[in-house]
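**Q** Sequence order for the protein chains is H and B.
Letter 156 of the first sequence, counting from 1, is numbered 156 in our numbering, and no numbers are missing.
Letter 126 of the second sequence, counting from 1, is numbered 126 in our numbering, and no numbers are missing.
Rather than coming from a laboratory, the hints here were simulated on the basis of the structure.
Computed list of lysine-lysine pairs in BS3-like fashion (alpha-carbon distance at most 30 Å, straight line): (1) Lys79(H) - Lys111(H); (2) Lys48(H) - Lys73(B); (3) Lys73(B) - Lys34(H); (4) Lys197(B) - Lys73(B); (5) Lys73(B) - Lys79(H); (6) Lys111(H) - Lys73(B).
Since the structure is predicted, the reported quantities are computational estimates derived from the model, not experimental observations.
Take a look at the letters that make up each chain.
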Amino acid sequence: MKTNSLCILLVLSLSGCTTSVMVEGTVPTPLVAKMPARVGLYFSPDFKSFRHEETIEQRGSYQVDMGQQNLTFFRNLMKAMFESTVEVDEPLLPSETATGIDGVIVPEILKYGFLTPAVSGLNFYSASIHYRVALFDVAGNKVGDWTLVGYGKAEGGVFSGSDALREATLLAIRDGGARIAIDLPLEPAVVDWLQQVEDASAVSGSAATPAEGGES
Amino acid sequence: MLMMAALVSGCVSSRIEQSRTATTGIETDEAIVLLGRASYNDRQTEESFTDCIADTLSAGDDPIRLIPQDEFKDELYPWFEPRTAPTSADELSTLFDQPGVRDRIEEAQVRYLAWIDGDTIIIDQGGSFSCTISSFGGGCFGMSYWEEDASYEASIWDLHNLTAAGEISADANGTSYLAGLILPIPIMARPGNAACKALASQLREFLVGDVVTTGDGAGEI
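I would like the entire structure built from these sequences, with the hints used as guidance.
**A** Encoded structure:
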């Protein structure tokens, strides 16, 4: 009788199982050359608090909260990639508020997905994040947008599913960040935009020089 | 106790081979970083294996200074992530041209990188084993076995000369048994552990230094 009760309790607890994962981890500062531009960063409310919920039949539901880690990671990433950064409230700024910046970066999460060992048949939990990063110039024209996928996988034991999913998601954020840090500065549209920023800076610098000279 | 330990340990055979392409040596203030090769296929070097080698190298009378791989990857981010890490020593000079990379590695006094690649897989299994429990009691009956093969390779790169210094490979094979005679009796072979100990021991000898030779050796554990 006692054994039967224990079995029923076990079945009930397993059927209502929810795995909650709060993604947390280190935030490394990328070791890359800074691009000579001042950018505004627009993080949408969805990006700031990104949360994924999914129910897998016979496995229960999963809630993956990666918003804060993702936001902190991107703040740090952009700070390392550009000469200066400032967070802005709108992706397209009116010209009077767009002073002191050369463009606006808008990162988005298009899609997040994960696989458990039960689904993939492997010993790993794996996660993927599809990012889109858009760059607008100071006039609000889109310089370009790029879609990058970050992958991560982590060994998963029978009783450490949430830890493995957390680790896989963290690695996917790192992988996506690595691709952005390395590939974005090499994109032809970004190279052209940086040239325009440099040209505009040279023009404003040479225009300012005679005026300053006149005053003195 | 000794009889019990002998009873529950299965037999493992292992083989170690070494190929050296440069003279090596390590000062007490110099460090090595062990990095597990990760790729996005169905296999990956287990973290427990690199941890085992790290523990073995940093222990004993003559410990080697190790920098944890997570710390190293964070310091050198984004250059040692699975999809951005150099795949051969020929790419080191390009990597060292990246701003800050050479300074960061010199500051940490990292002399060698050892890439650990491989895994332990089950290559054969069989038998029948079951346990039952009821209100009258319970027990286990039958016997099952599984044979595991552990195959790992360490590629050692010299960060002073930006060249490959050599390679060490370790293979171990063993069969584990689970017999049931009311109580379950495991007889475990641990080829992964044997490969770790063999690889770590050879790696220590390799790093301490030797002349340029190419050779191999085999042994039983």
